[in-house]
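Q: Starting from the given sequences, assemble the full structure and let the hints guide the process.
Residue numbers (my numbering), protein chains in the order written: chain A, 1 to 649; chain B, 1 to 103; chain C, 1 to 171; chain D, 1 to 360; chain E, 1 to 116.
Hints were generated in silico from the structure; no laboratory data involved.
Beta carbons: idealized from backbone N, C-alpha and C, even for Gly.
Check each hint, because a few of them may be wrong.
As the list claims (entries may be wrong) - So the derived list for chain D, only partly shown, Cβ under 7 Å to chain C, looks like this:
no.: 1; residue: 22
no.: 2; residue: 134
no.: 3; residue: 137
no.: 4; residue: 141
no.: 5; residue: 142
no.: 6; residue: 148
no.: 7; residue: 152
Spelled out from the first residue to the last, the chains are:
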Amino acid sequence: MIWMVLLFPLLGALLNGFLLPRRSKLLSHGVAVAAVAGAFACACCVFLEFFATRHSHLYFGFNWLQAGKFTAPFELVVDQLSGLMILIITGIGTLIHIYAGGYMKEEVTTYRFFAYLNLFVFMMLLLVLGNNLLVMFVGWEGVGLCSYLLIGYWFQEEANAKAGMKAFLVNRIGDIGFLIGIFLTYKHFGTVSFSELSSWMNLMPTLAEPYPKALFWITLSFFIGACGKSAQLPLYVWLPDAMAGPTPVSALIHAATMVTAGIFMMTRLSFFFYAAPDTMLIVACVGALTALFAATIALVQTDIKKVLAYSTVSQLGYMVLACGVGAFDAGVFHLLTHACFKALLFLGAGSVIFAMHHEQDMRRMGGLRKHLPITHGVMLVGVLAIIGVPGFSGFFSKDEILWKAFIFPTYGPILWGIGFLAAGCTAFYMVRLLCLTFYGTPYQDKSAHHHHHPHETPWYMWGPLVVLALLSIGVGYLGVPDFLAHLVGGHNLFAHYLEGLIYIPASAQGAWGHLHAEHAHELEWGLMLSSVALVTLAAGTAVFCYTNRPVRGVASFLGGHFPRLHQLLLDKYRVDECYQRKIVTPLAEISTFLWQVVDVRVINGCVNWVGYLLMGTSGIASFRMTGSLHRYGFWVLAGTVCVLIISCF
Amino acid sequence: MSAMVPIEHSLILAFLLFFIGAAGVLIRRNLITVLMSIELMLNSANLLFVAASRQVGNVEGQVMMSFVILIAACEAAIGLAMVIAIFRRYGNIKTEFLRALRG
Amino acid sequence: MVEVWFFYFFAAIAVVASLGVILLRNPVAAAMLLVVTLCALAAEYVLLGAEFSAAIQVLVYAGAIVILFTFVIMMLNLGQEEVGQLAGFSKWALLLFMLGGAGVILIQRLSMGALPPGVPGGAASDNTYEVGMALFTKYLWPFELASLLILLALIASVVIARKPTFPSRDA
Amino acid sequence: MMQLPVLDETAVQIIATIVKFLVVLVGVLHIPPVMIWVERRVPALMQRRRGPNRVGFFKWRLWGLLQTLADAVKLIFKEESVPGSAYKGFFHLAPLIGLLPTLLFVSAIPFGPAIEIGGWKIPLSVIELDIGLLFILAVTGVGVYGVTLAGWASNGKFSLLGSLRASAQMISYEIPLGLSLIPLVLIYGSLNLQQLILAQSSVWKWGIFLSPISFLIFLICMFAETNRAPFDLSEGESELVAGFHTEYGSAKFALFFLGEYVAMFALSCLCSVLFFGGWQIPFVAHEQLVSLTGSVNIAALCGVMALLLKAAFFMWLYVWVRWTLPRFRYDQLMKIGWKFLLPLGLANVCVTALVLAALA
Amino acid sequence: MHPYLPVLLVLSVALVIGLVMSFLSAFLGPKRPSAVKQEVFECGVAPIGSRERMSVRFYMTAILFILFDIETVFLYLWARTFKSLGWFGIVEIFLFVTILVAGYVYVLKRKALEWD
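A: Below you can see the structure in the form of structure tokens.
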């Protein structure tokens with residue numbers, strides 16, 4: 001069954017890529033949806049099978065790599081984490097595939113799109129199911145490749161192609177970190193299998209040198225990998241640009257699944273991270289800073305997808321923060337809820353864009369509530385979920401993370417404070433997005449080059465949205481924090497579910513005692529209420545600023561009073577420019593030097609010189625090269641005879 | 001069937017055939033004859049396979065021999081196709097026209 | 001000992017006929033003598049207890065491959081005068097034969113008595129069956145690859161022989 | 001010391017082989033005259049003509065049977081004319097090269113069960129091999145050379161074209177011929193003709209019932225392999241005068257004729273052997289026959305008669321078809337061979353194998 | 001007796017008889033050669049000989065023949081061992097045949113076998 005989960009998307013990709021007639025869009029779409037839906041059905045079976053026993057199960061495929069003592073079997077694992085992940089990937093994947101059929105209706109090469117998309121699902125499944133680092137790495141690189149292909153799907157436009165390349169190159173930096181992590185792991189532990197590493201860490205009561213130091217570097221390397229894939233500071237720059245791809249791609253790859261691979265990987269290796277508190281501090285800081293940093297940029301963006309992209313970076317920052325403070329379960333829970341509501345928001349934005357004929361600038365929207373009632377409804381749910389209104393999924397997950405950050409012994413309240421501010425920003429920019437898009441007065445296009453009224457999307461586009469909206473509300477109740485759940489006599493189902501998987505190794509128990517310590521519920525209540533208050537305040541401000549007012553209210557306010565700050569935010573802190581100046585340009589100059597001088601002059605020169613020498617001298621020898629078959633044949637034979645004669649003596 | 005032909009006989013016969021074939025390759029100017037001489041050389045190899053198979057008492061040499069026949073068939077097919085192509089190009093099939101490899 | 005005399009008889013036919021293959025001026029005659037050589041060798045295979053090999057020698061080699069040669073000779077309709085000449089290479093050929101002669105002596109000196117006596121009664125009772133079993137079990141992959149080789153030869157010969165890529169010179 | 005030659009097994013079998021072959025040879029030498037007579041009288045009957053009926057001694061005209069004898073005598077006493085531009089050696093050898101394989105072919109047919117003479121058990125086939133089927137395929141393959149050489153050696157336009165056509169046709173139909181026999185090997189598990197016959201012990205185990213498609217393919221190939229109507233393109237009189245034997249006359253022409261009829265006879269025998277139980281008489285087991293007649297030899301002769309009768313049916317079929325069906329065009333001929341019979345033969349092999357494996 | 005001895009015997013006897021027969025009329029028939037008689041027959045007009053070249057399709061036929069001949073031989077081997085190999089053999093030979101049929105289809109698609 002587990003193999004079927006993998007086989008279906010692969011088959012779909014191959015069919016779409018190689019076999020299907022190129023013109024039938026319906027067939028391409030049908031095959032792609034069927035492949036992912038089939039995988040989802042199988043994944044459900046696999047998950048239920050696992051859920052019945054809660055015993056992680058290994059599936060051995062074949063002996064993949066073997067060199068000396070090193071072995072890397074092609075082996076899959078189904079446990080709490082990968083079981084959950086395959087459900088997310090195939091479930092949300094199915095919805096997005098269905099949606100994409102409508103969104104990509106006007107495309108000519110849909111088969112290419114769906115082939116990539118199915119391949120992505122396959123690679124992502126491989127990533128989460130692999131039982132060793134190498135299989136995971138194959139998936140890791142595979143999703144990177146698909147991401148590259150899909151960002152550059154409309155490669156005819158140079159900007160898109162460049163965005164794809166940027167994503168690929170930035171990811172490479174992270175990948176190198178990941179690879180170094182794999183190498184170091186193998187060097188110190190002699191295996192790359194998760195189950196073996198996990199049991200090794202579990203059995204060690206204390207860690208002697210060199211392990212603590214090694215673990216610091218190992219986890220740091222892996223974290224760099226996670227930074228690349230999950231778009232953390234300073235490697236987040238590719239994700240906003242990745243919005244050049246089609247919106248379903250943004251929803252599936254750059255919001256729900258691939259970008260969370262870093263969080264997934266860190267959770268998979270949580271036993272390492274727990275044992276390396278120094279790395280954890282770095283992780284927590286990077287996460288918190290990313291959350292706030294991206295949220296502030298999102299405040300002033302005008303492109304609807306860019307807002308969502310920075311929002312994604314910010315939310316990923318929350319997850320990384322959760323990992324950093326040791327609350328991997330909260331991180332994974334936020335991953336789950338975020339997957340639902342961010343996919344919802346992206347698809348909703350996609351519907352808006354679709355209805356607006358590929359207009360992405362929010363300043364040119366407005367008053368769409370009348371035209372797109374369903375989209376408006378689901379977007380509202382999504383926004384409420386992401387800003388953390390009580391009762392919606394985002395509330396539970398974000399609150400859990402902030403609480404865990406608060407009780408983190410080192411700089412805990414500071415981390416909480418940053419996250420808290422970011423939550424405020426989130427509420428503001430999301431409500432701003434909603435107001436600009438759906439409320440207010442419709443934008444009057446002076447040039448009036450399109451006369452179409454925006455229409456509600458067809459059922460197969462809003463259907464998935466409704467499902468995702470229901471999920472965005474419902475999923476949250478799986479992870480109601482303990483202190484709230486106790487009110488109704490329950491407990492945190494999600495944390496309970498992950499208990500068997502995420503454990504603190506014996507050697508690191510001391511450092512993480514606070515996670516299980518008793519805390520005053522009053523404090524928890526207080527924090528929660530304060531964040532609700534902040535969210536309400538921020539949302540209220542946004543509503544106040546952006547409805548029934550000239551639209552550029554706050555922009556003009558900011559621009560009027562803090563023009564430099566406003567410009568800085570609009571320029572996204574000028575990180576890209578800085579990278580360009582400090583890294584890309586010098587690199588290009590060095591490369592040019594290597595090319596122009598070292599390669600062309602020195603290396604080519606040497607090779608050419610040798611070549612000229614040989615050409616000059618070979619003229620002397622080539623008098624024997626008559627081109628006569630007989631002579632060649634004769635020398636072959638004569639040589640053979642000579643060898644035979646020599647071998648006789 | 002009881003008496004066995006000593007393998008040395010087969011060796012010598014194979015050797016003679018091989019050298020006759022090799023001589024054909026070297027001394028003839030006609031591509032088709034050259035190809036036929038190559039067939040002779042292949043046959044000498046076949047004879048060795050069969051004789052060796054007899055010598056060691058199993059049939060693997062004969063299996064090899066059938067593979068060699070298969071290869072000979074493919075070789076003849078492609079070789080003669082090239083002869084036809086060469087004939088179209090040069091109007092005859094003398095080997096001295098094939099001097100593209102001259103240094 | 002009758003077998004040995006038969007062996008000599010067919011060996012003589014094979015050698016004489018193969019000499020004819022390389023020396024005759026007429027390509028069709030050469031092809032026919034090639035058939036004779038092949039059939040004589042098939043007889044040798046029978047004497048060596050390899051009746052399946054003998055059968056495919058006649059069936060495939062004499063019955064198919066040489067037919068192809070004959071067809072090509074007839075298709076190109078090469079006259080005798082066009083094809084008969086020797087390459088201007090006779091002194092090398094002389095050397096070759098000297099080397100060949102030396103080789104014969106060498107083989108004789110080396111092999112007579114030096115090789116282990118063969119396994120008696122080595123000929124299988126059901127030769128075809130044994131060859132088939134060996135081919136389809138132990139040599140499974142070579143067998144399947146052989147089909148790819150045939151495919152390759154088929155496609156290559158179609159491509160090469162079909163259309164002239166250059167205008168022919170004599171047209 | 002002089003010693004009387006003692007007849008041992010080898011000597012007896014060698015003598016028996018030569019005798020059997022001579023008997024077969026004499027037998028097949030009678031086929032062309034009889035067949036030519038049949039080929040003249042049967043169409044005459046079909047077309048309400050009289051056909052040849054003049055030649056005779058005094059009053060005995062024997063329904064024109066003697067006409068063919070006269071023809072034979074005429075052929076032998078005619079002047080032999082060789083074209084000046086012909087390749088002489090091959091011109092003379094070609095009919096022989098064409099005839100030898102067919103003689104080998106007919107020698108490989110088991111005409112009956114073994115007989116016993118003076119305590120020696122003598123099989124009723126001249127050549128009995130374990131790989132009889134492959135042997136037959138091999139000699140038919142070599143048989144192409146006769147046709148090819150004849151046309152080439154004549155060095156004439158019509159002969160060359162005729163011979164190329166004929167040999168291309170023969171090799172094209174050799175493949176389906178070979179493929180059509182594979183299901184029989186699959187079913188009966190042997191390549192030995194005598195064993196194939198013995199395996200068809202009852203009528204319902206005859207090849208025609210167990211593998212009817214094979215029979216169909218084989219029948220078509222039989223006609224094509226012998227260059228008989230409706231596949232007699234190589235000697236299409238209207239376009240090629242007479243095909244590869246245009247330049248042949250007198251005894252050599254007779255040899256070609258002989259070769260053609262022997263090939264027809266051999267293929268008819270093979271057809272009876274493979275698909276109609278060979279020398280077995282329907283519904284009468286051989287052991288029954290032996291006990292009925294009281295003698296192995298008489299029973300064997302009955303078997304020979306049965307086989308010859310079955311073969312005679314196919315010989316007659318040749319004539320019947322010749323005067324019934326029109327000739328195919330050459331492209332149609334090749335199309336039938338390569339695009340119909342070959343895929344059909346392959347499919348037949350595959351289906352037979354699947355069915356057998358499923359039944360096993 | 002060696003089972004192949006009869007082949008040799010048949011061949012030699014047939015060769016002798018065949019030679020006798022083919023030279024029978026050389027002895028019995030009249031010999032009156034003339035230049036016209038020795039011309040190649042081309043429907044009575046002056047012969048122009050057979051110097052033109054034949055269609056490449058004959059060659060294609062022969063190529064296909066070789067390749068399928070080999071296939072047939074291997075099929076015979078398989079048929080002979082079919083009862084021992086069973087399904088394994090079927091799978092093996094089907095793969096073999098499939099690959100060859102691919103080549104066959106290629107030849108058909110290239111129309112190398114079209115006689116027109």
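Q: Now tell me, hint by hint, if it's right for this structure.
A: A quick look at each hint next to the structure:
1. Given hint, residue 22 of chain D at the interface with chain C, is violated; its Cβ is 23 Å from that chain's nearest Cβ, farther than 7 Å.
2. Taking 7 Å as the C-beta cut-off, the interface hint given for residue 134 of chain D holds, the closest approach to chain C being about 4 Å.
3. Because the closest C-beta pair between residue 137 of chain D and chain C is about 6 Å apart, less than 7 Å, the hint holds.
4. At a threshold of 7 Å, the smallest CB-CB gap from residue 141 of chain D to chain C is about 3 Å, leaving the interface hint in force.
5. The interface hint given for residue 142 of chain D is met, as the beta carbon of that residue sits about 5 Å from the closest beta carbon of chain C, less than 7 Å.
6. Hint status for residue 148 of chain D: holds, given a least beta-carbon distance of 6 Å to chain C, under 7 Å.
7. Because the beta carbon of residue 152 of chain D sits about 6 Å from the nearest beta carbon in chain C, less than 7 Å, this interface hint is met.
The earlier numbered hint that this structure contradicts is number 1, and it is the only one.
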